[in-house]
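Peer 1: Listed below are the residues making up each chain.
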Amino acid sequence: MTIVYVSRPFTVTKSNTNSSSLTQETGRTADDKLVVVHTVTDDGAGSFINSLGTVNYAAKAVSLRMVRADRTTEAYKSDFDTAKEFSDTVGDGNGTTTTNSRKGAEYATASVGEEVLAGSSVVARYRVAPAVITHRTDSFQPEAIVIDLCPYTSDAIVPGSVQFLWMGQTYTDFEGVIYRGRTAGNPGIDSGRIDYAAGTVRMTDYVVGPNPNTITLQSLWTRRSAWKTASLFMRTQAAPIKPTGFVLTLTDTAGNALTATGDLNGNLQGTHIWGHMDYLTGVVELQFGDFVLDSTLTAAQQAEWWYDPAEVGTVEAGKIWRPWPVDPTTLRYNSVAYFYLPLDADIVGLDPVRLPPDGRVPKYRVGSYVVIGHTGVVPAAVYSAGQTINCARERLSRVYLVGADGQLIRTGYSPDLNAGTIAVTDVTGWVQPVTVKHRIEQMARVADVQIDGTLKLTKQLAHNFPVGSIVSSAVMAGNLRARALPVFDQQTWDGVSWADVTVGNPAPATYNDGAFPVVVTNAGAVTERFALRVLTGGTDVEVIGEHVGNLGTFSRNTAIAPINPISGAPYFTLAAAGWGAGWVPGNTLFLPTVGAYFPLVAIRATQPSEAIGTDYAFELTERGDIDRTPTNPVI
Amino acid sequence: MIYTFDSAMTGAPVLSGSAGALRALVKACLVDGFGAGAVATLTVAAGIATATFPGAHPYRVGSVSQFAGATPAGLNGQKRILSITTNAVTYAAPGIADGAATGTITHKVAAAGWQELFAGALANVLCVKPTVPEATGCVLRVDDTGTINARVRAYESMTDVSTGAGPTPLESQLAGGLYWPKSSVANATARPWYLVADERAFYLAADPAGAGRFTLLFAGDIASFKSGDAYGYLVTGNQADQTFATTVSDGCCGWSHRSARSGAYMVRSHTAIGQSIAMQRLGAHHNGSTADVYAGTAGYSLGTYPNGPNNGLLTSVLELHAMGIRGTLPGLLHPVQDCGGAFTSGVIVDGTDDLAGRRLMAIRVAPPSGSVTPGAVLLDITGNWSR
Chain A
1 MTIVYVSRPF TVTKSNTNSS SLTQETGRTA DDKLVVVHTV TDDGAGSFIN SLGTVNYAAK
61 AVSLRMVRAD RTTEAYKSDF DTAKEFSDTV GDGNGTTTTN SRKGAEYATA SVGEEVLAGS
121 SVVARYRVAP AVITHRTDSF QPEAIVIDLC PYTSDAIVPG SVQFLWMGQT YTDFEGVIYR
181 GRTAGNPGID SGRIDYAAGT VRMTDYVVGP NPNTITLQSL WTRRSAWKTA SLFMRTQAAP
241 IKPTGFVLTL TDTAGNALTA TGDLNGNLQG THIWGHMDYL TGVVELQFGD FVLDSTLTAA
301 QQAEWWYDPA EVGTVEAGKI WRPWPVDPTT LRYNSVAYFY LPLDADIVGL DPVRLPPDGR
361 VPKYRVGSYV VIGHTGVVPA AVYSAGQTIN CARERLSRVY LVGADGQLIR TGYSPDLNAG
421 TIAVTDVTGW VQPVTVKHRI EQMARVADVQ IDGTLKLTKQ LAHNFPVGSI VSSAVMAGNL
481 RARALPVFDQ QTWDGVSWAD VTVGNPAPAT YNDGAFPVVV TNAGAVTERF ALRVLTGGTD
541 VEVIGEHVGN LGTFSRNTAI APINPISGAP YFTLAAAGWG AGWVPGNTLF LPTVGAYFPL
601 VAIRATQPSE AIGTDYAFEL TERGDIDRTP TNPVI
Chain B
1 MIYTFDSAMT GAPVLSGSAG ALRALVKACL VDGFGAGAVA TLTVAAGIAT ATFPGAHPYR
61 VGSVSQFAGA TPAGLNGQKR ILSITTNAVT YAAPGIADGA ATGTITHKVA AAGWQELFAG
121 ALANVLCVKP TVPEATGCVL RVDDTGTINA RVRAYESMTD VSTGAGPTPL ESQLAGGLYW
181 PKSSVANATA RPWYLVADER AFYLAADPAG AGRFTLLFAG DIASFKSGDA YGYLVTGNQA
241 DQTFATTVSD GCCGWSHRSA RSGAYMVRSH TAIGQSIAMQ RLGAHHNGST ADVYAGTAGY
301 SLGTYPNGPN NGLLTSVLEL HAMGIRGTLP GLLHPVQDCG GAFTSGVIVD GTDDLAGRRL
361 MAIRVAPPSG SVTPGAVLLD ITGNWSR
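In order, the protein sequence lines correspond to chains A and B. If you count by my numbering, then the first sequence holds residues 1 to 635, one letter each, in order. If you count by my numbering, then the second sequence holds residues 1 to 387, one letter each, in order.
Keep in mind that a hint or two might mislead.
[What the hints assert, rightly or not] Distance ranges between label pairs, derived from CB positions:
(1) B:87 with A:598: 40 to 50 Å
(2) A:478 with B:8: 47 to 57 Å
(3) B:371 with A:499: 30 to 40 Å
(4) A:388 with B:95: 26 to 36 Å
[What the hints assert, rightly or not] Where chain A lies over chain B, by a calculated footprint (3+ residues, C-beta under 8 Å):
(5) 35–43
(6) 103–109
(7) 135–147
[Said to hold, decoys possible] Heads up, incomplete: computed chain B residues facing chain A, CB under 10 Å, no partners named:
(8) 8
(9) 11
(10) 13
(11) 14
(12) 15
(13) 69
(14) 117
(15) 120
(16) 123
(17) 124
(18) 188
Keep in mind the hints are simulated off the structure, nothing from the lab. No experiment lies behind these values; they were computed from the predicted model shown. Note that beta-carbon positions come from the ideal geometry of N, C-alpha and C, so glycine has one too.
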């Protein structure tokens, strides 16, 4: 005989009038029989409590009632409530739980017999009265005290609705746990567990005070039947959710807390939990239960409603999904959601239409170029003129000499990048010791870009790049070379209209840019339309750039070469000999040039917030390829 | 080397009554050159190079051209033109092998090799000074923002386009500087001019009324009697607007004054102490009773041209006097006899005797209008001018 479940293990009955007590220890057997162990003590005055019997100490005789034959039990099955009762219940909550309001019900009254369990015995423990009465004190750890909060109803307690006063302390429930002293700012002290379905509280930690028999129930909601479910479908309040940024907790009907956490792929995992979440939309789909081996199920379990032989093995071999009922009212979740601020182009400084929605720009693309580089360091050392520093690797791209003061050293050495050596020629002004940084680089094209960060290149790497090498994306500028476009002229010009062809009549004279082409240099030329307007007198022209403005007055008798202040080189050089005769004041020669520069902008967007650093640096490096004159020309 | 320019040359800057015209003229002649163009062919035969142009060219016999871009390189540089045709010129090319030159060859009228200071700093204002080391290094500032006159001043040195040490003339001597006539009317009508320069000084003959009556102006180093005269820099100009005057122009160097007269200033006296000093211009052979005369008229009182005893043309120098005779104007010859209309402006006269081998260019000098008989002066266009 196995007692599988003890719901109310002890019932102690005492009396104020005598010291007799009756302790009933109840158990339930697997075949649903109630087994009660009665322990009754006498009051020392020859009586048992509740008139159970008498003791005659002198005669050593006990008279005790063992069983009662007059017990009955009622069975009731409710189909529905009366309309008024239901209205009251859902309306102002005045509904009653009396059976009179229940319709369509069946009543049954059956006699319940009690018997002395076969095979058990009545054990009498007594002590032979000593000559002298002695006293003894015993301390023990009491079992948890079970308080039946709902002795008059079989309804389930609504979680979170319980508050009662017991021995001067206020206890509240939260997620299956009874706390005392719980406030908005205090998590309280774990004092026990509540079984919402059974309506009982097991107090394991409590403050002893007066009137332990009195419980003042300050709040408690019940409902007819507990809302139980084993599947759940919901949507978070905000979306999209940060992947892994979702945690869901709820309690099952037995009061156990279940926790579901999401992984990167949106799978929700936890005890008795199986589900998936779409982080983009915030939609959550959950099933509660477990896959159990079909072979472990008893016949009784296989008779339960959820069992379907066709379901066995459909997902996991030999297993069937057994639902695990939970109380959905206890569901809570925490989530981290992305919230996108509307971008104001005036504040951001560029049109957000060009930005991807998550703000991240692909850095590497298939077909683009990357530069793999590694910076090696020769430890700081004191050098003198005539020494050769060996970087221990060849075909360097650059070398830096950094002084002890952290400043770059620019003179006094001559690097041989191919050999990887640096000849020190003059250490004047060096702050010793000097650290040498040397770099190897290789440019390659990307054949494939994987989301896990793998780049596949279209060629072999010619260097052995050690750990710590850096891959940089490269912006291709294409072929750049300054050039001048053919010149053209106008008889008159209004000074503000810029065109690429003659507007109105051409000037009677023509600049001979075939024989005397406009000379531009990469250093000086800009992409610009220049107008050279002949001034009064015919000798001088004023040079006006569309964007660089009026560069001044220049004589046509000499080569015109307005200086670009950025580089110190002329924007263009126009030979005097090409002008020819016939220019009259007002004639304008237009001279378009194309510069050899590649405009790009490096934007660092700093949002107004707390500073987490003050020193940031990055380097933009130009890389160029040049053609070398062949040493052995074919022709 | 002596550089000659005139308004009739192809591509020459135009002198007119508009702002900036004189500035452009002086700059073109002294600093930039003008009339640039391509040379079609350049061939050498027997030490003479012949340059052929696609069209007209600006050159006169005796003017200086600057060639560039030719191979052999000996054909490049400043060359004095020996002869001209409609579209070709010749110049001496000693030591160059016969044959055709190659390259993109350009030419232009050579400038006198001066330099412009503070270029572009102020519109229509020009500051020029010689580049040769033997020059005094004084700076000529031409403020050509006016129309019929430019305002001119010399400085010992300048620190920016409007600031300098030793302004000549001083503000007390002539507020705003000397007047250089451009045109009697403020319009774009071209006026004739001649400009004869060497590396240290230049003469500008302007004809503000367009009547063939030139005002001969001078700026630059004189032929000083003082050895190593560091302040031997003279600038002449009118004391007021005289573009249509009927009396003698103050700044004209074709005039001899026995009496003191303003219109010519040197930056310091020969003592090298002090500041701008007015100079008296005195013809060396000025004779007779007439105090102030144009050269080449009867005023010198030495008879008429040609000189009877030798059937020759007698000339004298123009001396400068202040605290003693300071020196003479270089390259300038005053005929001392009445030449009448023997020489017109721009005519070339070959020198004889002491001047043998030199070519002299005549300029008719006179008040811009009125009835005063024009005189004539001769400018040595062969050089070098003695100093």
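Peer 1: Now, for every hint given, state plainly whether the structure supports it.
Peer 2: Here is how each hint holds up against the structure:
Between residue 87 (chain B) and residue 598 (chain A), the C-beta spacing of about 48 Å keeps the proposed range 40 to 50 Å intact. Restraint check, residue 478 (chain A) to residue 8 (chain B): a C-beta distance of roughly 54 Å satisfies the suggested window 47 to 57 Å. Distance hint for residue 371 (chain B) and residue 499 (chain A): a CB-CB separation of about 56 Å, inconsistent with the stated range 30 to 40 Å. With their beta carbons about 52 Å apart, residue 388 (chain A) and residue 95 (chain B) fall outside the hinted range of 26 to 36 Å.
Coverage of the region 35–43 of chain B by chain A holds. Counting CB-CB distances below 8 Å, 4 residues qualify, and the rule asks for three or more. For the region 103–109 of chain B, the assignment as covered by chain A holds, since 4 residues bring a beta-carbon within under 8 Å of that chain's beta-carbons and 3 suffice. Here's how the region 135–147 of chain B fares: 0 of its residues keep a CB closer than 8 Å to some CB of chain A, so the rule of at least three is not met and the hint is violated. Nearest Cβ of chain A to the Cβ of residue 8 (chain B): about 14 Å, over the 10 Å cut. The hint is violated.
With a cut of 10 Å, the hint placing residue 11 (chain B) at the interface with chain A holds, because the nearest CB-to-CB distance is about 6 Å. The criterion of a C-beta within 10 Å of any C-beta in chain A is met by residue 13 (chain B), whose closest approach is roughly 5 Å, and the hint holds. Annotation: residue 14 (chain B) was flagged as interfacial toward chain A, and the flag holds, the nearest CB pair being 6 Å apart, inside 10 Å. Among the interface hints, the one on residue 15 (chain B) holds; its C-beta lies about 9 Å from the nearest C-beta in chain A, closer than the 10 Å criterion.
Hint status for residue 69 (chain B): holds, given a least beta-carbon distance of 9 Å to chain A, under 10 Å. The closest approach between the C-beta of residue 117 (chain B) and any C-beta of chain A is roughly 15 Å, which is over the 10 Å cut-off, so the hint fails. Here the hint on residue 120 (chain B) is kept, as its CB sits about 4 Å from the closest CB of chain A, short of 10 Å. A cut of 10 Å between beta carbons decides the hint on residue 123 (chain B): the least distance to chain A is about 7 Å, and the hint holds.
The interface hint given for residue 124 (chain B) is met, as the beta carbon of that residue sits about 9 Å from the closest beta carbon of chain A, less than 10 Å. Against a cut-off of 10 Å between C-beta atoms, the interface hint on residue 188 (chain B) holds, since the closest Cβ of chain A lies about 7 Å away.
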